[in-house]
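Undergrad: Given next are the chains, with one letter for each unit.
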Amino acid sequence: MTHRFLSHASLTALVAELVAAKTRVIAPVHATDDPEQVDYRPIQTLEDAALGVRLTRGSLKEFFLPPTEVLLHYKQTKEGIEIREVPTVAPPQVILGSTPCDAAALEVVDKVMGWDYRDELWFGRRDASTIVSLLCAAMDSTCFCSATGLGPDSFRGSDALLVPVQGGYLAHVITPKGEALLQGYAEADENMKASAEALQGEARQKVENNLTAIPAEFSAWLASNFDNPIWKTIALRCHGCGACAGVCPTCHCFDIVDEHDTADEGVRRRNWDSCQTSKFTLHASGHNPRGSQSERFRQRIQHKFSIYPSRFAEILCTGCGRCTRACPGGMDLPKLLDELMTLAKTEAKGSDTQGSSL
Amino acid sequence: MNIYQPHLMRIREITDETVDTRTLKLEFQDSKVAEEFQFSAGQFGEYSVFGEGESTFCIASPPTRTGYIECSFKASGKVTLALRRLAVGDTLGFRGPYGNHFPIEEMKGHSVVFIAGGIGLAPVRCAILNVLDLRDQFKDVTIIYGARSVGDLVYKRELEEWAQRSDLKLCLAVDPGGETPDWKGLVARIPTAVEQAVSTAEDTFAVICGPPIMIKFTLPTLAKLGFPGERIYTTLENRMKCGLGKCGRCNIGPTYVCKDGPVFTAAQIRELPQEF
Amino acid sequence: MKELQELARKLLNDGTVKVVIGYEEGTRGVRPAFITDAKQADKLIFDKRCVQNLAAYLNPRRKQVAQLGTPAVVVKGCDARAVAGLIREKQIERDKIVIIAMRCGGVLENPETDSELTSKTVSVRCGGCDVREPKLHDHLVGELPPEPPVNNHRVEQIEALKKLSSADRWSFWTNELSRCIRCHACREACPMCFCVQCTADKTQPQWIDPSATPRANRAWQTMRVLHQAGRCVDCLECERACPEHIPLGLLASYVADSVERRFDYVACEDPAVAAPLGVYKTDDDEEFIR
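Residue numbers (my numbering), protein chains in the order written: chain S, 1 to 358; chain U, 1 to 276; chain D, 1 to 290.
Hints in this document: simulated from the structure, not taken from any laboratory. Take the hints with a grain of salt, since some may be wrong.
Stated by the list, open to error - No farther apart than 25 Å at their CA atoms in a straight line, the calculated lysine to any residue pairs in the SDA-like style are these:
#1 S:Lys111 x U:Glu13
#2 D:Lys162 x S:Thr32
#3 S:Lys78 x U:Tyr68
#4 S:Lys279 x D:Arg179
#5 S:Lys75 x U:Glu158
#6 S:Lys78 x U:Glu13
#7 S:Lys75 x U:Pro103
Said to hold, decoys possible - Not close to chain D: a few residues of chain U, all C-beta gaps over 10 Å, as computed:
#8 Ser40
#9 Gly53
#10 Lys108
#11 Gly151
#12 Trp162
#13 Gln164
#14 Leu172
#15 Ser199
#16 Ala223
#17 Glu230
Ideal placement from N, C-alpha and C gives every residue a C-beta, glycine not left out.
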């Protein structure tokens, strides 16, 4: 693996070059409605970006799986139906300054998107993207990336990882795409590497304090505790609003609907959806296998921490904590996981269980 | 072409099975697809009316009959009602085949008992016709089919054909109160019909489909006859959208109905969390 | 707080209620509490961080809460108006709940970042509040704090919107709603959105496309605030729930302001007073019919 050095000026020039070549560059920027917050948005110059300030409010998901996207156009003619296909090759984009939790999430979701049937809409955007993440040093007490097997300097999903050093950034060049983007820059020296490693170690320690690593057995415990009484009380304050799914980098569940534009023409779309909504599993007959919020919330935890791991050997969560920050009902995922993991350990020793205190 | 893009199908024939159940015979507009299309009994597809949406039904015709596929549905929502408004010659969309299938190969050389109730005959019909098209590769074939009333029996054309055959045992039943004056079949619920028509589980597979309550009361009868859970096959349904494992909607615990199903054994279903 | 905790303990111990829905210290500030065990009653708190409108949990659709049994709910005056709305619209019966009303001196707009009540930090709803001592209650608890400072921010925003031309206002909202992802968190968090099947979820016919497109987003939000007209209590749960930080509270307040001007009506604490859009009167203003 190579490690290169980019001065601030070099990075500015790189962004300018990319923009001039019509490559979309996406980076965290100060939010228009609240300058203290940051969102991922396209930038025109590096000056527009707010790198390393704090975690963005939303994830990178919308740039790979848009909240709504057209799957096909149809037109009713006298002869029948004409379908106009949508392109699966996407225009090039560079993500700059993403947090490792967001980059890793893309690789996690790749698994389901490539499961037997290859989702060319997702992979078209994945193939067209180069992801240059930035060491995360602005974690708060709700972050728990290390518990999911990642960390503030995780390489997963990134083509390169930038770490601030004097005068600019050390870039860990992780993939051939990363190398293609950064090959012209000088190699980093030993001082830079040491300084970067120190920063990375500091960041890792900070977040590791937040939640213990999720053990491999947790997935199986969840599967065999489907009927544990704790599910009845653990989500009383949950509104079933789905805000968590919206901000989550790994939630990918979607709906498929048709829409008329005119009487004869229209589109088939795929839209973000969430298992937390009451009609997610509603049958046409009126039967609903998950008729109450406690069952729907159980599904969320089971899917992320048991079902997805059992099928793809990946936790469907990268510990970014956005669900907890966005929740209007005060649900706290890392705390909840802590409680469930403690329960799993206690039950293994054969103690009583009570309703959730969470 | 992305995986969500359907094939275009033309409606060749429409059959009204009952007052609310209709069968469509569909042919692929693309002749190359028509030639190459293959599937196995039990698989399903996403059928769509452009502008209205997609709906999930099994492929009701057998893979042994090429050049067309069939689907049967009850008009109960937006898409199925729109499907009913289509006429012969109209175009609809089809994505598939998806899911797993009945173990037709495994059943060869053995006997098969098919049990169905109401519209549950649709997914089973595909397997029955598949078996009958290869009749000499199976031992005894028994078909037990019932519905609430004579008017609710579907595939009446096939029922008549099957009644003429001497190489299978057909037992038709309607619920008490559902018979007509000239009804020649049984007046009994499915579990009773099964008790009467099936004498042994030895060397026999059971395929059962129908309303959940029918299955609930018939499984004990099959168990009493000695059918092990691994030799009883049924299908499960759940709300579906993509049909190919990505939209995260149809799972029952770690089992995805669209990928691990829709065909399951009774033994597998017993292991599932009670969330369906 | 002791008074509240003792009351909760008593109501649980003597079996009057099976659950007290109130506020407790969460891991990230105050969060809703569901106290079913009298011994846990001392978790209940009430202070200026208690922003949430707990009336949402009385919605009969919330099976897992309803299953707990007869509830007592802790409300501020503004929340009590939502409880009144649910009673008025026959979603809950007055004698099947216990209303614990708190005397209130205002709450913070952003309890996670602010701690003192000033004209900049107080919730935009609190200025001029006339229900600091709620009238709809079974128990009235706490001491009456001083009047809250007034935060004019929202009033100013509404006036600014009114001054815009229709076209500019349309652009403003199209732009704000471009971030809407149709998650419907606004609906789920709203105490007055209790419909078993929302119009937006109906497929026969599909009144409103479910996709996050400009036309569908406008249609959805417009429909929602119009269905709320005269019923919305301006609690701003919709805005707090929105993961895209769309100023939905501004839209809701704008409509509430329109209802007040046209019908001289604000959603009130008295379940017996009918909301203007739910009732026909022969002397209803018809000047808009041209």
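Undergrad: Please write out, lowest number first, the hints stated earlier that are contradicted by the structure.
TA: Violated hints: 1, 5, 7 and 9; rest satisfied.
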